[in-house]
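A.B. asks: On the provided structure of chain A, position chain B as indicated by the hints.
Protein chains in written order, with full-length UniProt numbering: chain A, 1 to 473; chain B, 1 to 473.
Hints listed in this document are in silico derivations from the structure and should not be mistaken for laboratory results.
Small disclaimer: the values here were computed from a predicted structure and weren't measured.
Accuracy of the hints is not assured; some may be wrong.
[What the hints assert, rightly or not] Label pairs and their calculated CB-CB ranges:
id : chain 1 : residue 1 : chain 2 : residue 2 : range
1  : A       : THR52     : B       : ALA323    : 54 to 64 Å
2  : A       : ARG61     : B       : ALA372    : 43 to 53 Å
3  : B       : VAL130    : A       : ALA473    : 36 to 46 Å
4  : B       : ALA19     : A       : ASP418    : 34 to 44 Å
5  : A       : PRO462    : B       : ASP324    : 52 to 62 Å
6  : B       : ARG402    : A       : PRO462    : 44 to 54 Å
We treat Cβ as the ideally placed atom computed from N, Cα and C, and that holds for glycine.
Number of protein chains: 2
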Amino acid sequence: MTHHLNAADEGFVARLAEALGPDAVRPAEPRYLEEPRGRYHGQAAAVVRPDTTEAVAAAVRLCAGARVGIVPYSGGTGLVGGQILSNGPMPVLLSFERMNRIRDVNVIDGILTAEAGCILADVHAAAGEVARIFPLTLASEGSARIGGLLATNAGGVHVIRYGNARDLCLGVEAVLADGTIVRGLSRVVKDNMGYNFRHVVIGSEGTLGLITAASLRLYPRLAETATAWASVASPADALALLGRLRGALGGTVSAFELISTQGLEFLAETLPQVTQPPAMPGDWRVLVEVDDGPGGNVGDRLEAALADAIEAGLVGDVLIAQADAQRAAFWRVREMIPEANRAIGAISSHDISIPPSRLPEFIATAGPMLGALDPGVRINCFGHLGDGNLHYNAFPARGESRDRYEPIRASVSRAVHDLVHEFGGSVAAEHGVGRLKVADLERYADPGKLEAMRRLKQAFDPLGILNPGAVLA
Amino acid sequence: MTHHLNAADEGFVARLAEALGPDAVRPAEPRYLEEPRGRYHGQAAAVVRPDTTEAVAAAVRLCAGARVGIVPYSGGTGLVGGQILSNGPMPVLLSFERMNRIRDVNVIDGILTAEAGCILADVHAAAGEVARIFPLTLASEGSARIGGLLATNAGGVHVIRYGNARDLCLGVEAVLADGTIVRGLSRVVKDNMGYNFRHVVIGSEGTLGLITAASLRLYPRLAETATAWASVASPADALALLGRLRGALGGTVSAFELISTQGLEFLAETLPQVTQPPAMPGDWRVLVEVDDGPGGNVGDRLEAALADAIEAGLVGDVLIAQADAQRAAFWRVREMIPEANRAIGAISSHDISIPPSRLPEFIATAGPMLGALDPGVRINCFGHLGDGNLHYNAFPARGESRDRYEPIRASVSRAVHDLVHEFGGSVAAEHGVGRLKVADLERYADPGKLEAMRRLKQAFDPLGILNPGAVLA
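Chain A with its partners taken away, still in its complex shape (with noise of 0.2 Å):
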């Protein structure tokens, strides 16, 4: 879909200033205009801060009235340039930065109600003062915000348990793209009342309205939590250990994680300050924990279900955590891989997800591929094994520079995507599609969907005002 959109110039950066107030434009910083990975560099007439869901109706009537595009940005913390555009028409970005209030928090009702610009630790630190969780959990939960992470259907490690952003949310509050303002903040689990809006706008990146603000689950802070490593000797037999844990464990099973040997090197080589975890037989460890309430037992319990399964011949060696110090140790393992990763430098990352039954032939396949564009090439595969959704990073052959494979950078990258469609996947898991993906929707995406993604575009966003070129072209 190509719309015309007009450069937002200085005359309409001073109408903006003018209806919203000085204070809620600026320029654009260079803060604004880079992301994590470095990949893509932006542009922006000016940052926009309104302060209230009715100022961000009238900065988005202003733009639809000009036909100027609104980049939206929030914590500028996304991997897929969702937040970064390079060309075209000088668009203005859309800071929730000052829609940071915590609204209200109801304990029986389990509800948080934070606007968009709400930074994710605050709204854990607002849970946790009413002991209670916010679940989502994520490397960069000091600086996403609420809006970005809903927009995005943000993942982490807790899926597994409490499902993604989008099942954490109960109602949003949103702009559409001509300024309504759709009022939505739902407290109830059961609201049949018509279509299901959150829903479409989730996920949406921006794309088909803005959100301003949500009510979020929380849920009760649980008394025991046991944490272990455990070691496996294919992600075969991780699958096989996570089916058992969670039929003796019932539903406290709460994050499952999968760490490659490769990982556990690359940490040791770039973080040789982190703790790793002991020597253990097989080639793969699974970070495991467990949840619940007094008198759940979940230490006992876990560590009886991984001795059965060492029994069985399914797990290697186990370490259960002995004090919440040895938990973060562990989990610190954990986080510092993708740190470890940045540090080697990847020719390619995926994120990437894999019907669960289907990810150790993919694994096993995926790896001669790779080997067959260039035999140096190193895997770093972990992730939310529990969730199918693993991170499948090709990095440069030890002592080699990621220049070298700059040539074949494309080819790895078309070729795991296509093993990923091959198999049933999905190579936007978690991190969305943003603009570095725009293609791959393109060709991978059943074309029913995109037809129906066209029709929500045009029933949206007409003009295409709203962070164009992100989702689809």
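C.D. replies: What follows is chain B alone, placed relative to chain A:
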């Protein structure tokens, strides 16, 4: 939105039969034109019964070409007239009864792929064969079919733990109003590859697209279950009890149903053969169920948590089921309440949800409010307290017939709905809008949400052939 539709005449029915085969087109027997509460009586030129997705698409294309309305027909158990079109140009019914194959069951992925016409009880059985459950559980499970359950985003007694129907579905295959097939039977939990189409069509009651198949989530069948009656003095105490149990028992609480003394009296009066729970202090009963894996020790833990609640003065008395037969007897009380209600004969029934924190005040306000309309009115209020979803039904005074109340029936309904709206709740919690609540939706919905809904309808069914008159007038 007014659409011009044509009546399906004999010639059109003949063309359908020619295109789909004679087996696929039948006269509309009376059973297709009735609904459980007897309020609506339908009309249809024929029942079209395609047995493949392609045949559904062919039928839809023919209807679109002739501008003939399609009433999707699933199990016929809906309570809001969504499956019944009484007036306007003669439509065809499109029944999914021949699309009743379970296409695939995969234990590792935790996915069962079912066609729209599969009966819920058959899906339960297929899940049971691999020691899994599909958690959607409701009274009509012997007749309700997957397509209708998803189209109405059905609820039931396990929403508190497992979510609504939409939360139990990872993907759909669907036919749009122009015959476009959307193939989206995803098997992965994390997939942000573009807009989420399944959530658009789920809950749209057949007005935005026709679901032909779905990938459904399976969960482990847990080894331990504990079920108890607890008596409380008030709904507020019931909510406080739920908060305690959730904190104490982690995520294992799988049902929490509220029943009033009035409900038990109706049951005693109309179904004396049903074994009642023992007399207990307090006007309200809660039926609570907890499930966990082996070693979860759920019976002891539930008993301890309930003992604490008695100690705290929150609970009058408790009775924990000692065997499966007793558990079944407990549940039979809950399941027979709607049948007792039918035997008494309601003046007006309401499927409402209220933010739990406001439920006690709602119940305290609504009773006297209806009493002011007629002092003899009896209230039976029961249901899924943990979700804030109650069935709030008004009945005649003892010995009176509901005919006498016909003059105030509309006032009762309006007063209850106005109060629900004032309390921030929904007047269509788990049964949907259908045709019964079209005016309520217009009256209570946020104008921005209604605008968004109209855009969705225009985008996906511009001719208005899909379930004409349902959801949106």
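A.B. asks: Is the distance from the Cβ of ARG402 of chain B to the Cβ of PRO462 of chain A consistent with 44 to 54 Å?
C.D. replies: 50 Å, holds
A.B. asks: So does ALA19 of chain B sit 34 to 44 Å from ASP418 of chain A, Cβ to Cβ?
C.D. replies: 37 Å, holds
A.B. asks: Taking the beta carbons of VAL130 of chain B and ALA473 of chain A, is their distance inside 36 to 46 Å?
C.D. replies: Roughly 42 Å apart at Cβ, these two residues keep to the hinted range, so it holds.
A.B. asks: Does the hinted range 54 to 64 Å hold for THR52 of chain A and ALA323 of chain B at CB?
C.D. replies: 59 Å, holds
A.B. asks: Falls inside 43 to 53 Å, the C-beta gap from ARG61 of chain A to ALA372 of chain B?
C.D. replies: 45 Å, holds
A.B. asks: Between PRO462 of chain A and ASP324 of chain B, does the beta-carbon spacing fit 52 to 62 Å?
C.D. replies: Check passed, 59 Å falls within 52 to 62 Å.
Comparing the model with each numbered hint stated earlier shows that all of them hold.
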